[in-house]
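Take the sequences, apply the hints, and build the full model.
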Amino acid sequence: MLSALVWIPVLGVILIGLLPPPDEAAIARFVKRSLGESLPPDPARLIALITTAITFGLSVVLALQFDSTSLQSQFQESVPWLEPLGLNYQLGLDGLSLPLVILNGLLTWIAIYSTEKSIQRPRLYYILVLLLNTGGAGAFLSGNLLLFFLFYELELIPLYFLIAIWGGDRRGYAATKFLIYTAVSGILILAAFLGIVWLSQSPTFDYAEIHTESLPLITQIILLGLLLVGFGIKIPLFPFHTWLPDAHVEASTPISVLLAGVLLKLGTYGLLRFGLGLLPEAWSALSPWLATWAVVSVLYGAFTAIAQTDMKKMVAYSSLAHMGYVLLAGAAATPLSILGTVFQMVSHGLISAMLFLLVGVVYKKTGTRDITVLRGLLNPERGMPIIGSLMVIGVMASAGIPGMMGFISEFLIFRGSFPVFPVQTLISMIGTGLTAVYFLLLVNRTFFGRLPEQFANLPRVYWSERLPAFALALLIVALGLQPNWLVYWSETTTAQLTPAIALSVEKIALRIEADPKPLKNAAVFLPSISPTANTPKATAYIHPSASSNP
Amino acid sequence: MNITIAPKTSTPSHPLTEIIQRLQAGGALLPDSPENVIEVVGILKSYGIVLDAYWRNLTYISEHQFLELFPFFKYFNGEVSFNKLLKHWGHDRINYEFAEYCMKAMMYHGGGKLDAYLDTPEFSERAKGAIAAKLKGNFLVQGISNIFPEFLPEQIRQLAYYSALGQFWNVMSAMFLSLSDRYDQGEIKTIPDVVAHILAALVEAANQPITYAVKIADRDYEIIPQSAGITFLMDTGVPYIEAVFFRSFPFMGTISYNAQACQISPDPGRFNYGALYADPLPIGGAGIPPTLLMQDMRHYLPDYLHQIYQRSPRGEEDLRVLICVSFQKSMFCVTTAAILGLMPYPIDTIEPDQQQTNQAYLEAWMDRLVDSRLPSMQMCDV
Numbered sequence: 003m004l005s006a007l008v009w010i011p012v013l014g015v016i017l018i019g020l021l022p023p024p025d026e027a028a029i030a031r032f033v034k035r036s037l038g039e040s041l042p043p044d045p046a047r048l049i050a051l052i053t054t055a056i057t058f059g060l061s062v063v064l065a066l067q068f069d070s071t072s073l074q075s076q077f078q079e080s081v082p083w084l085e086p087l088g089l090n091y092q093l094g095l096d097g098l099s100l101p102l103v104i105l106n107g108l109l110t111w112i113a114i115y116s117t118e119k120s121i122q123r124p125r126l127y128y129i130l131v132l133l134l135n136t137g138g139a140g141a142f143l144s145g146n147l148l149l150f151f152l153f154y155e156l157e158l159i160p161l162y163f164l165i166a167i168w169g170g171d172r173r174g175y176a177a178t179k180f181l182i183y184t185a186v187s188g189i190l191i192l193a194a195f196l197g198i199v200w201l202s203q204s205p206t207f208d209y210a211e212i213h214t215e216s217l218p219l220i221t222q223i224i225l226l227g228l229l230l231v232g233f234g235i236k237i238p239l240f241p242f243h244t245w246l247p248d249a250h251v252e253a254s255t256p257i258s259v260l261l262a263g264v265l266l267k268l269g270t271y272g273l274l275r276f277g278l279g280l281l282p283e284a285w286s287a288l289s290p291w292l293a294t295w296a297v298v299s300v301l302y303g304a305f306t307a308i309a310q311t312d313m314k315k316m317v318a319y320s321s322l323a324h325m326g327y328v329l330l331a332g333a334a335a336t337p338l339s340i341l342g343t344v345f346q347m348v349s350h351g352l353i354s355a356m357l358f359l360l361v362g363v364v365y366k367k368t369g370t371r372d373i374t375v376l377r378g379l380l381n382p383e384r385g386m387p388i389i390g391s392l393m394v395i396g397v398m399a400s401a402g403i404p405g406m407m408g409f410i411s412e413f414l415i416f417r418g419s420f421p422v423f424p425v426q427t428l429i430s431m432i433g434t435g436l437t438a439v440y441f442l443l444l445v446n447r448t449f450f451g452r453l454p455e456q457f458a459n460l461p462r463v464y465w466s467e468r469l470p471a472f473a474l475a476l477l478i479v480a481l482g483l484q485p486n487w488l489v490y491w492s493e494t495t496t497a498q499l500t501p502a503i504a505l506s507v508e509k510i511a512l513r514i515e516a517d518p519k520p521l522k523n524a525a526v527f528l529p530s531i532s533p534t535a536n537t538p539k540a541t542a543y544i545h546p547s548a549s550s551n552p
Numbered sequence: 014m015n016i017t018i019a020p021k022t023s024t025p026s027h028p029l030t031e032i033i034q035r036l037q038a039g040g041a042l043l044p045d046s047p048e049n050v051i052e053v054v055g056i057l058k059s060y061g062i063v064l065d066a067y068w069r070n071l072t073y074i075s076e077h078q079f080l081e082l083f084p085f086f087k088y089f090n091g092e093v094s095f096n097k098l099l100k101h102w103g104h105d106r107i108n109y110e111f112a113e114y115c116m117k118a119m120m121y122h123g124g125g126k127l128d129a130y131l132d133t134p135e136f137s138e139r140a141k142g143a144i145a146a147k148l149k150g151n152f153l154v155q156g157i158s159n160i161f162p163e164f165l166p167e168q169i170r171q172l173a174y175y176s177a178l179g180q181f182w183n184v185m186s187a188m189f190l191s192l193s194d195r196y197d198q199g200e201i202k203t204i205p206d207v208v209a210h211i212l213a214a215l216v217e218a219a220n221q222p223i224t225y226a227v228k229i230a231d232r233d234y235e236i237i238p239q240s241a242g243i244t245f246l247m248d249t250g251v252p253y254i255e256a257v258f259f260r261s262f263p264f265m266g267t268i269s270y271n272a273q274a275c276q277i278s279p280d281p282g283r284f285n286y287g288a289l290y291a292d293p294l295p296i297g298g299a300g301i302p303p304t305l306l307m308q309d310m311r312h313y314l315p316d317y318l319h320q321i322y323q324r325s326p327r328g329e330e331d332l333r334v335l336i337c338v339s340f341q342k343s344m345f346c347v348t349t350a351a352i353l354g355l356m357p358y359p360i361d362t363i364e365p366d367q368q369q370t371n372q373a374y375l376e377a378w379m380d381r382l383v384d385s386r387l388p389s390m391q392m393c394d395v
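Chains as they are written, first to last, in my numbering: chain A, 3 to 552; chain B, 14 to 395.
Treat the hints loosely; a few may be bogus.
Claimed, not checked - Only part of the chain A face toward chain B is listed, based on derived beta-carbon distances under 7 Å: (1) Asn381; (2) Glu383; (3) Arg384; (4) Leu453; (5) Pro461; (6) Arg462.
It should be emphasised that the hints constitute simulated quantities derived from the structure, not laboratory data.
Quick reminder that beta carbons are idealized off the backbone N, C-alpha and C, glycines included.
Dropping the structure here:
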């Protein structure tokens, strides 16, 4: 079943590849179309839509069959592949990956649906999008580190081409920058994986068989450092973020949706799964630094977003800020905060996808994303009142207004992180206020006021352009009102991640007590680790009552 | 009140010189084009139908809701039924409020002999007689009237405006509908034809008396007798154009006005919130809310005009904006007729002195119109 999620898109790729070349003349006619003329259905688009609809449907079926009380990875599939290398085809699903797999299917379908019908080289485009879908699903489902790495790297090439071919004016620069950053990210992650497996003398790269307890703390910290930088580039976290605004600005709308909605989540997922999951001792040792890093990322993202005049850059920098919350919650590593990370990943995926879709419509109709130029787009007759209303909903959700997903995720994160890192949490909460500042600037400047003459004859917005954002808005509100529908799947898994942290904190404390010398070098990383400082706090938050009260 | 046009010295470099020259050559404020003709005639047809409903209601209110302090059913024209009430609440109706806005604008800005007459002792006497008849046996309102003696006469002044505007629109609606008929018969082909039709109708009705009488307890009470000498064109038409086309008043909309910051002129004569200035984009942005009128007119658009609107980039989505633009074009034709009708000398005079006076007269008009929608009407779209 899980293989179907990975390989059905590949089947779609093969089918599209077998299609005859598209009727370029019909596309050209459509581009300069007169009213009433429509493009004949594009078989490549149809195949891509059907393929992703099937995989999305399958992921929903899996969710319905998923045992949310089980601690084990479910629907496991294991096929030996290159055993001497320790590479096995090992797939599994748990409460951490399930929401992201569903998100991957949903947003890929929306991205394909939102793609211009008149897009050039449609077969190549849809093939690359389907490969992205495969890469995302494969990475989220992988139970083997090398397999994860292969799928993680698989994302790189399609996304590079999707930006480089169908991007904006500076697409070459943005795509190359993305390629370099992500390649470096991949190298660091691979180095960390190799280090983890070889140094821990694990027989394979299978996740379940890796035990790092025996590794010295300093080794763990180095390995975690590699993972932090590797995934920190992908998330992205300050100061490894500079590829993201360029990529977003130059990417077409559907690709921005996938980039923000799914691909950034590979970074946060990887950090939680492999950083927190495999190296809990080092994680807890570095957690105060991670929390501080998160604060810097949140504030930097928020303040930089305020300074932007490009709507897309503003949304891109908001991603930087909101991904910082995930790091803060991960650093705190309480059941509630880890649950918050999952909620925040899904919430950010849906909200940012919605915002990018809406910005895309604004750009398509007005030809600009400059908030110093745009004005009055809420005009009921000549503007985009429904797009504007959806934008208001989107920014409210992003700013954490109660009743929407953003509020739930931020509440879980702040409530879960505050007992461990009160100062960092409080400062991060300022970021939420700043989200309201930059998004209100965006909405106020773009949608309110008098529609200027230059935008007085905007083309009409079709329902097909509104529907994806509508669907996302419904989900955002529905899960904001009923967060348990999402929390239900993940609570057991996320609660399972935290005992490792609590135990590791105790272990570090015991190690320091027993022999402080070997940890002399590591001590520079441990500003607040002491037997009396963090241990009681951390253990206090793994009490079952805490996890059952999201 | 006359339209406030002060003669001025000719300036060869007037920003609207081109329009002045067009007027002098027998043209109109609106450029002549087949598209403009279709738009103007089509919109005036729907306007004529709507005006017909407006004038009937204004007349009904003036005659049958006389000094009714709580006129709950004033928009029902005496036909109150549950179904009609449901339609009213569901907004499936003519927006008679628009007619009242226009009436109130006329009353606020005044002008003409009607305004002057309503401040005369004769009017006061006549009003007093009508009030006494109406309040016979109504001791409560009699007491209130004694405490506030100006309250009921002011109500009657307002009712006089209801009646005067009703009579004015009665003529105008018939004129707009006959314009449409003549267009259908192929007699109207250009914008100057449209202007000529309007001008002829205005001239024909110019001296038509405006009177107002109400029946109370089977006796007629004349509020505005024919002897007051109030006429159609100078005492109703001209104040109407001044109040509704030019001045109006700042209306709450997407644009806010701050009177304390002098964003509204303390001199109502310098108001420019009228129909010729109204911004079609922010609906209800300024002046009398055009939305209500556009909403009414959309139900009566002739097919040929509706089809043109449907072929526009936004189709039906911005119908009210398109109607507003067409309506403004048509009102510039009415304004052209008024300008030509009030010319000091014939437009084709060959006397240099007269030409100079005409030039100054036209420039003074253009001074007022320079901030209106007229410059943008020189192109086809908003």
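* Asked: If you check each hint against the structure, which ones fail?
  -> none
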